[in-house]
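Residue numbers (the numbering used here), protein chains in the order written: chain A, 1 to 265; chain P, 1001 to 1277.
Calculated directly from the structure, the hints in this document are not laboratory data.
A portion of the hints provided could be inaccurate.
As the list claims (entries may be wrong) - From chain A, some residues computed to sit far from chain P (all C-beta separations above 12 Å):
(1) Arg61
(2) Val202
(3) Ala257
Unchecked claim - Examples of chain A residues lying across from chain P (beta carbon under 8 Å, computed):
(4) Gly6
(5) Asp149
(6) Phe158
(7) Gly166
(8) Ala167
Keep in mind that this is a model prediction, so the values were computed, not measured.
Every residue gets a Cβ at the ideal spot worked out from N, C-alpha and C, and that includes glycine.
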Amino acid sequence: MRAGDGARRRLTSPIFLGVLPFAAGAVVWTILVRAYHISPVFLPPLESVPAALRSMFIEQRVATDILISSLRVAAGFAVAVLLATPLGVLMGYSFRISQIFEPVVGFIRYMPVPVFIPLCLLWFGSGDLEKVIVIFLGAFFQLTLMVQDAAGGVRQDFYEAAVMLGAPRRALIFRILWPAALPQIFDSYRVCIGWAWTYLIVAEIVGATAGIGYYIIKAQRYLLVSQIFAAMAIIGLLGMTTDLLFGAGHNLLFPWAKKKRSFLT
Amino acid sequence: MPDLRFSRAAASKQAIRIRQLYKTYDAHKEKIAALENLSCDIAEGEFAVILGPSGCGKSTLVRIIAGLEQPSSGTILVNGSRDSAPGKTCSMVFQSYTSFPWLSVLDNIAFAMRYTSTKTKHERRTRAQELARMVGLENFENAWINELSGGMKQRVSIASALATESRILIMDEPFGALDSQTRMAMQEQLLTITEKTGKTVVFVTHDIEEALVLGDRIYVCTSRPARILAEMDVALPRPRTPEMRNRKIFVEMKYEIFHLLRDHVYAQILETHRARR
Ligand SMILES: Nc1ncnc2c1ncn2[C@@H]1O[C@H](COP(=O)(O)OP(=O)(O)O)[C@@H](O)[C@H]1O
Ligand SMILES: [Mg+2]
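Given only the sequences and the hints, what does the whole structure look like? Please build it.
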């Protein structure tokens, strides 16, 4: 054991590495504010963001908005998962079924989510239902194609092997396709829930009476820029937590499919 | 006179009977003839080896026997029946490792029994453990497939196939991707297993020595489209041992097959090379 080994290990620890870019961002931010005397209306000093956070939680009950936004995302995403998963699996399983749905799904998929918002506001008002539907529309079509891709990518010789082991055709979806494709399907959930957050914020900024997006637009109206940044930090943290949970879930649910470290690392 | 006490080639009942089998694939614009007028009989309890160069149509042949592929014309009887539904009469070990990575070794071995046996869950588990022991995986019952080496993966596949209790075991170049030491160990283990279970085995290989070490009878194929060029009995006694590679019969047959292949197959390969150039 050489001197400095401990220090080196600390320098390459995942937490240290992960914090590095944040620290770099903070340094750049502080330099910009201090050296160029930027007006706090454009870029408030970094220290004001935690203070804003505190007042948001204590005086303005932002926790309720966080909860509302989270529930909206969860609801819209859950409906999308519940409908896109069976449809995507069937499309990946059967060429016929994919021929029916692929064109329409591909057609709608390319419509940017904001396009749905005016109609949804018109039809469903500006409450929770409209948010959930916007999230659903944004997530469902993308997710369907991702699930189809996962289901269609299952190794064909697994089916042949199963059939040779006596499995009837009807058992193949549940015994082979589903378990074989599930890790990749789960990964597409992970990607998709990130998008769902984006759609929600867009919908809340365009028209809402509660939620984080609404909070941001309100802060902008009163030029409370540090609150905008604080809200952004909240969204980032929520996203990161979701992603960590999905990653942990992946390892827990699919211990057989642990991701290997790349050769290059 | 070789000791034929253990030879199962003597059994005369047919397990597989193939007559004038043709198979043509429609690939893009051209038609590929994989089998052309192929006929042969494989006796019950026989260890039959299909030997031929890569791409000659060996997989096509055994996939038709297995019921995974339909012939273009010709007849094929498996256990006297024309019913070709896959998984009914034959089990199969593929060259590509086909054990299911989402199941443990033991669950892989037990997979077939859910469909092919009336055993209780507990009995199925006991039987799977028995099979795991038979292929030497008793210490890896709970391992994931992706944690195993190639040889071990194939042992799982063999045990899974044995669990079906079907009388015919098809093996399509099962050891083709293994290094030569592992391959020899696997050959020895396969011999022990098949000599014990008495199954009919249809074993595909392009390796002459492997064919001689394992087989009761070798069916030498022409290059594509495949026909049976020659059928040869391997007059080596059972149980087979690795030392038999030194026997006069072994060496003589090895060269006989080598010359046969050189005259009919290599010549053809060289011909096409020349034609291309
Ligand atoms: N599904 C298929 N479609 C078209 N051509 C095929 C197909 N399967 C095999 N072939 C062709 O048939 C020939 C014989 O293939 P195969 O039976 O796999 O040979 P072997 O197992 O002896 O290497 C090859 O030329 C191969 O390209
Ligand atoms: Mg082959």
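For this session: Would you pick out the hints that fail for this structure and give their numbers low to high?
Result: 3, 4, 5
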